[in-house]
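*Asks:* Here is what each chain is made of, one letter per residue.
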Amino acid sequence: MTHNGISRYSMEIATALLTGGIGLAICYGAWQVGTGWTPSGPDSGYFPFWIGVLVVAGSVVNLLRTIVGHRHKDEIFLDAARLKSLARFVLPILGFAVISLLLGLYVGTTLYVLFAMRLQGHYAWWKSLVSGVAISVCFYLLFELVFQVPLLKGPLEHAFGIY
Amino acid sequence: MNNLSLLMDGFATILTWNHLLIMVIGVMLGMLVGVLPGLGAPNGVSLLLPLTFTMDPVSAIILLSCMYWGALFGGSTTSILFNIPGEPSSVATTFDGYPMARNGEATRALTLAFMSAGLGALAGVVMITLLASSVAQFGLKFSSPEYFAVYFLAFCSFIGMSSSAPSKTLVSMMLGLAFATVGMDSVSGGLRLTFGIPDLVKGISFLVAVMGLFGIAELMVTTEEGLSFNGIKSRIRVRDILRTMAELPRYWASLVRSILIGIWMGITPAGPTAASFMSHGIAKRFSRHPERFGKGEPNGIVSPEAADHSAGTSALLPMLALGVPGSATAAVMMGGLMIWGLTPGPMLFITRPDFVWGLIASMYLGNVVAVILVLATVPLYASILRVPFAIIGPVIVAVIFTGVYQVANSTFDFWLLLFFALLGYLFKKLDYPVAPLVLAMVLGHRAEEAFRQSMVMSDGSLTIFWSNSLVSTIMGLGVLMLVWPLFSRMLGLRGWRRRLQRQKPQASKPATPDSRP
Chain U
1249 MTHNGISRYS MEIATALLTG GIGLAICYGA WQVGTGWTPS GPDSGYFPFW
1299 IGVLVVAGSV VNLLRTIVGH RHKDEIFLDA ARLKSLARFV LPILGFAVIS
1349 LLLGLYVGTT LYVLFAMRLQ GHYAWWKSLV SGVAISVCFY LLFELVFQVP
1399 LLKGPLEHAF GIY
Chain Z
11 MNNLSLLMDG FATILTWNHL LIMVIGVMLG MLVGVLPGLG APNGVSLLLP
61 LTFTMDPVSA IILLSCMYWG ALFGGSTTSI LFNIPGEPSS VATTFDGYPM
111 ARNGEATRAL TLAFMSAGLG ALAGVVMITL LASSVAQFGL KFSSPEYFAV
161 YFLAFCSFIG MSSSAPSKTL VSMMLGLAFA TVGMDSVSGG LRLTFGIPDL
211 VKGISFLVAV MGLFGIAELM VTTEEGLSFN GIKSRIRVRD ILRTMAELPR
261 YWASLVRSIL IGIWMGITPA GPTAASFMSH GIAKRFSRHP ERFGKGEPNG
311 IVSPEAADHS AGTSALLPML ALGVPGSATA AVMMGGLMIW GLTPGPMLFI
361 TRPDFVWGLI ASMYLGNVVA VILVLATVPL YASILRVPFA IIGPVIVAVI
411 FTGVYQVANS TFDFWLLLFF ALLGYLFKKL DYPVAPLVLA MVLGHRAEEA
461 FRQSMVMSDG SLTIFWSNSL VSTIMGLGVL MLVWPLFSRM LGLRGWRRRL
511 QRQKPQASKP ATPDSRP
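One line per chain: the protein sequences are U and Z, in this order.
Numbers 1249 to 1411, taken from my numbering, label the letters of the first sequence in order.
Numbers 11 to 527, taken from my numbering, label the letters of the second sequence in order.
For the record, the hints were derived by calculation from the structure and aren't laboratory data.
A hint or two may mislead.
Have a look at the derived ranges for each label pair, beta carbon to beta carbon [stated by the list, open to error]:
1) U:Leu-1272 with Z:Thr-26: 40 to 46 Å
2) Z:Leu-270 with U:Lys-1375: 51 to 57 Å
3) Z:Leu-270 with U:Leu-1350: 37 to 43 Å
4) U:Pro-1403 with Z:Phe-205: 41 to 47 Å
5) Z:Phe-205 with U:Ala-1407: 36 to 42 Å
By construction, the Cβ of each residue, glycine as well, lies at the ideal position given by its N, Cα and C atoms.
Produce the complete structure using the sequences and hints provided.
*Replies:* Given below as structure tokens:
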């Protein structure tokens, strides 16, 4: 963190470390199932192992390019104002995922649209609530009735006897 | 002409009211996702795909391909009227399209864009009609090593042709290949890379990846930039449309050049985005009045649009005939084919000619339908963008979540979606290309299978990939593609790529006047 935000330099490094870490995990997972040769051809870990090696190799190059080349040192990845608007967008999504797991997608959608409109657009409570309910009802009509694909339901729908 | 009679059979398959209705629905939905920021063609097709699982494959592919055409047109609409590219491939259209619309010639700009896009798409389909059979015939000669070589070539050309750093393209693509191997190993039946998580046994669906990488991530970038719509009111007058159509032959040189660029970039996996940028750049360089570009020059609209659409259609040729998609959307469609139980590739021409030629015939009709519909409904779609983003954004997110759930009725996919959203956000902001990841995810299984079968054939020796002239040529081309960045740097060709990249604002970022060339 610099005084005016997160620098692109540090994010380049962090991302290279993230992809490199995923690469190592791939190698490890592949090594667990065997990376050698079996009577019926290459083992199931053979192909993923070398893919993992390439991911690690690419990540190392990205890391070195950033550090050795001093690339993107003065660029800002995210400043405070942008971080704030990003958080207003992302946090409701996290809540959406958790609530949907517990209470189903319909309740999740209603609450998510309600809070996202409040947070991002500063709409009145009743407007946000009406929009949330309306969108849930639209989803129900569209998916359950028109396309007949059931969405995730929770205790509330069961209480009303909707399956 | 054998192809011609097959094409006629194709038309016979698709000319039913049912299919025409599907076409109209597909185009309308496509325009909707094309217009909405954050929902692009790959994402729209991914969202719609689970709903087609029970449909007949011919109807399903008509729906999805028409959605693709609609999305391409929708992307151009917002580029011209709002200076906001709805699709990454229509960024280049903002350079001259928006200035022309701002000068009060919105109808002219839109008509030029749609007509040249339509012509580009038609040229692409004609090329497919003429070449599809012979490419498929050629593909029939392939066995596992040749197939692996073709995938190798596709992967290498991504690394060589991408405007991002080669090591970043490599990481993105290899991650895609690795994600594809998670779950059940189709050869041995054993589990791998699941790390003891039961939800990973079914694997990681490329659809979830697309929705995270292209959907949520795109919205994150859009939100961060803070969208402000500065739309131009447009009234479409039939007289203006006709006058612009009469004007079109004047730009024949740009049209032909752009179509050729588009077809080439579409068949090779460079894709529509690169094609439209390159075409706009070359039009400017060849023009006698380069100073007019960026201020509403007609050639600056015609060129990127014709190239974008001819590349978009041409991308379906390698997908159909060889099983190697030329763009991210084509990759998603190819994944759809496999879900419907069809194997893309030369055998498809023999086992399901009705499907292949029905699709090709629908491309002729679908593009004509799209041009007419898009001209008729521009005001309607433009009004959607006047709805504040604080309402549209959450609705899109909710649609994506329901879409992700429909892929496998699994709540674990929510977390995968968020993971891909984070990855996509980082990748977009740090100039990692995202399309190679999706392509690799779709191709992963086939590439690995081809590799393992080749290894079995050769008893573990890599020399099988250089064992005959055909496979050596393809592998050689792949290696050439891989070292191409080095070559072009030595020859000083790298410069224009850089310049293009500098012109290129981020896909969803509203281009400010000073970022235009």
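*Asks:* It remains to establish, for every hint, whether it holds in the given structure.
*Replies:* Status of the hints after comparison with the structure:
| no. | hint | result |
| --- | --- | --- |
| 1 | U:Leu-1272 with Z:Thr-26: 40 to 46 Å | violated (54 Å) |
| 2 | Z:Leu-270 with U:Lys-1375: 51 to 57 Å | holds (52 Å) |
| 3 | Z:Leu-270 with U:Leu-1350: 37 to 43 Å | violated (56 Å) |
| 4 | U:Pro-1403 with Z:Phe-205: 41 to 47 Å | violated (31 Å) |
| 5 | Z:Phe-205 with U:Ala-1407: 36 to 42 Å | holds (37 Å) |
Hints 1, 3 and 4 from the earlier list are contradicted by this structure; the remaining hints agree with it.
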